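Undergrad: All chains should be modelled from the sequences, with the hints used to inform the complete structure.
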Amino acid sequence: MTQDNFLDQDTVFSKTNETPGIRAKIIGVGGAGLSLVDGLRLDNFQSVEQLAVDVDSRALSECIASEKLAIGRRHTRGMGTGGDFALARKAAEEEKDSIRKKLDGMDVVFLLAGLGGGTGGGAVSVIARLAREAGALVFAFCPLPFSWEKGRHAQAEDCMTELRKFANAVVPLPNDSLLQIGGADATALECFAEAGRNVSKGISAICSLIFRKGMIDVDFVHLRKAFYRRAGRTLFGYGEGEGEDAIRHALRELMLCPMLHLPEVSKAADALLILITGGTGMGMSALQQAALEIREEFKAGDHVVFGAHVDENMGNRVQIIVLGATDLEAGVKADVAPVADQVIMAKPKSKQSHASKLKSKPIADSTTKGSKKTRTGKKDQVDQNTFEFMEEQNQRGIFDDLSSRNLYEGEDLDVPAYLRRGVKIAV
Amino acid sequence: MSKIIGAVEIGTSQAKALVGEVGEDGSLNVVGMASRPNEGMRKGEIVDFRKAAAAVHAALEEAEKMSGTTVDSVYLAQTGAHLDGQMLRGSAFVASSDNRVAVDDLQRAESEAKRRQPETGRSYVHHVRTPIVLDEKVVEDPVGLIGKKIDVGYWSIDGDDQAIRSALHVISNYSLEVDDLILSSIASATMVAGPDLRRAGSLVIDLGAGVTDLVLYHQGYVAYTGVIPVGGDHVTGDLSMGLRILEPYAEKLKIEHGKASPDPSDDEEDVWIIGNKTIGDRSVSRKAISDVIHVRVVELFEIIRKELGSLLDANELKGGILLTGGGSQMPGIEQVAGKVLGLPVRKAGFPPGIEPELAQPENATVLGLLHYGLQDHSLPGQKKDQEQTGFLEKLAHTFGIG
Ligand SMILES: Nc1ncnc2c1ncn2[C@@H]1O[C@H](COP(=O)(O)OP(=O)(O)OP(=O)(O)O)[C@@H](O)[C@H]1O
Ligand SMILES: Nc1nc2c(ncn2[C@@H]2O[C@H](COP(=O)(O)OP(=O)(O)O)[C@@H](O)[C@H]2O)c(=O)[nH]1
Ligand SMILES: [Mg+2]
Ligand SMILES: [Mg+2]
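Taken in order, these protein sequences are the chains called A and B. Heads up: the first sequence begins at 11 in the working numbering, then just goes up one per residue. Heads up: the second sequence begins at 849 in the working numbering, then just goes up one per residue.
Calculated directly from the structure, the hints in this document are not laboratory data. Keep in mind that the hints are not guaranteed to be accurate.
[As the list claims (entries may be wrong)] Computed cross-link-like contacts, BS3-like style, restricted to lysine-lysine with a CA-CA straight-line distance of at most 30 Å:
no., chain 1, residue 1, chain 2, residue 2
1, B, 1154, B, 1195
2, A, 277, B, 1135
3, B, 996, B, 985
4, B, 899, A, 277
5, B, 1107, A, 367
The structure presented is a predicted model; accordingly, all values stated were derived computationally and were not measured.
TA: The following block contains the structure:
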């Protein structure tokens, strides 16, 4: 079910206060995960616990998380894994019982881990699995290696696949793209910090939904239902606006959010969470309109969770956060040449000609790609034609098909060149 | 009596169909031509059969209507990263006691060269003949000459059966036959690089929407072909992501304002995305547009440079490097290409006699198909079509057509 009636709900203006009983924990795993935990700004949610997990005991000792768990000491005596994710996976398995204890009673678990790292990539899927087993809803935010970290991509991809088996939503944070979010002169570290703040926004949004009472409320059951299936691709974005037309501005900024314009990011969402936070002046009809537009933009299916919160500190500002997920397992339709198609099914092995690095690749099985579910929403009569045209084109997305990578010298040529080369584009 | 022939390129952005009339004197006259947007394709390969077929059929229908006639068969262009080329060589000792070369000797050399079969699941799409060598000397036609040993070579392109089959089905579903499969790059080069340029040695680069097709000629013969799965769609996709706009707007911006290199003169100037300055419209800087494009095209030519390696030799490429295909219309692209490849690069033109409205770089492939198809590529003494017919019959059989 959904909040089908969310637009008709009675307006309940209430002061924020915490919903008791629900427990959440943020877990940083490995170097990148720990540094994300250190950068979190979650002052409003004191009750959310933070745990750092690492093989590297020095990194662990420097982290500000309140709880810490060292794993793999037997194997490395507190040194890092040296990028060996199999080792980290094993270490986490061996430490299962202590990890379970840390997960006991959790309703929501946020995992932060760099999938290109040994510890982050290896241990995170084990923790995700244990968290699911413990009954928690699992959201993961995962930095992915820069294009130039060539040795780490295959591993990161493996770890992502593994993690997606257990997490309810995995938000990829490709480091190439994080470079784009800082200003023109921002250093990599500043960009990482900015990315950390964005992750905070995402986590805060989910926490707000479950811990606070709002203007339009979501309870935990809704959230659980929406993200119940394990997720494929996700989308995560935010926007902020100020002044008279704050919601409009926030919407506009949301649509331009760099995190929504990445190759890995889905353009549609089967499950979509929308949280709008604003000052006391936030109008109900503008809210409803915004929710409608967002829903339409992401072609959201049945599972929409919409929450609106009033926060006096926001003044005349409005913030919108969206988090969505598509279920990769659903809605894939076969699309093959209709005649005599069973004649040859053998997949050729790739082979090489002279010194070419362009391997002739087997054609990705056409049954596994393309044909996304087409959803139709209500459309504005006036702009119907343009809209339909845009929607059609939108779905054609040149980089949409992630089932086959266009690899050349270890880089995916379908990923925008400016991202891979770290060239900043000023929008 | 004149003869009607057809040509089809199932291009990633546009399906293009052409109807030509061959006069009794062998002259070719284009009597019908049409293009239709093709949404069924990515990077030169069919991903949505119905959409690709619909585009091709609509283009064929329109071209036929324009010509006032119908075609029975077409030459079909082939591209896609699944294609793979290599040189196949064969030789034969001259059989007769007086050492005079006979047609039969040539054919034995040919069969030996083509003996090698592609891997399971792959088929040959195109064998391109390279020079005939008689006792280590290149000869036009050895039949009747005296010598001991004949060497022939074929630059042979094989491809994935599934991809080839889809393309053939698009044509057979319109109840047409395929006269021949011709590599897109070779078709384009036939149109924009005349015999003199090919003899002098030249490289033709067709910048399409989904792929970039390459063909390199040494001394008049194909020495290398390649398909790089990067094209104008990547430029558009990069712009869409980099400027955070929908792809149709990105495509429009690219065509109206795109440049291959940032131009200092339009420094801080902005352009409107939609152009009507309504709500929802916004402006972006020209610099942002050309920055995005520049990185992509530089990378593309770097890949070409790496792929060609030592083939990129100024002494062997006196005919120069020519750009064609829709993407070659990007201002400044030849300078970027020249810089990366380290050799002079120019935009290709069309030979006189092609009507101006047809003589557009996007049409190089489809026009070239007809011209290439009309030429005789068989071995001396062999009937034209003899080899191709057998080869296509085999393909058709493999794929359950005809
Ligand atoms: N003025 C222009 N500037 C830049 N690019 C252009 C221009 N005009 C057309 N293009 C691009 O050229 C491409 C279309 O070229 P073309 O028709 O040769 O490709 P195609 O044959 O459909 O594709 P392919 O050969 O890759 O299958 C599109 O990507 C289009 O954006
Ligand atoms: N976004 C982000 N990525 C990081 C950070 N630190 C390291 N990484 C990336 O994470 C990967 C290395 O993982 P790391 O966490 O250091 O290794 P681990 O400790 O073995 O898990 C590389 O791909 C880095 O680019 C960080 O602070 N932020
Ligand atoms: Mg580490
Ligand atoms: Mg083309």
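Undergrad: List in ascending order the numbers of the hints, as given earlier, that are violated by the structure.
TA: none
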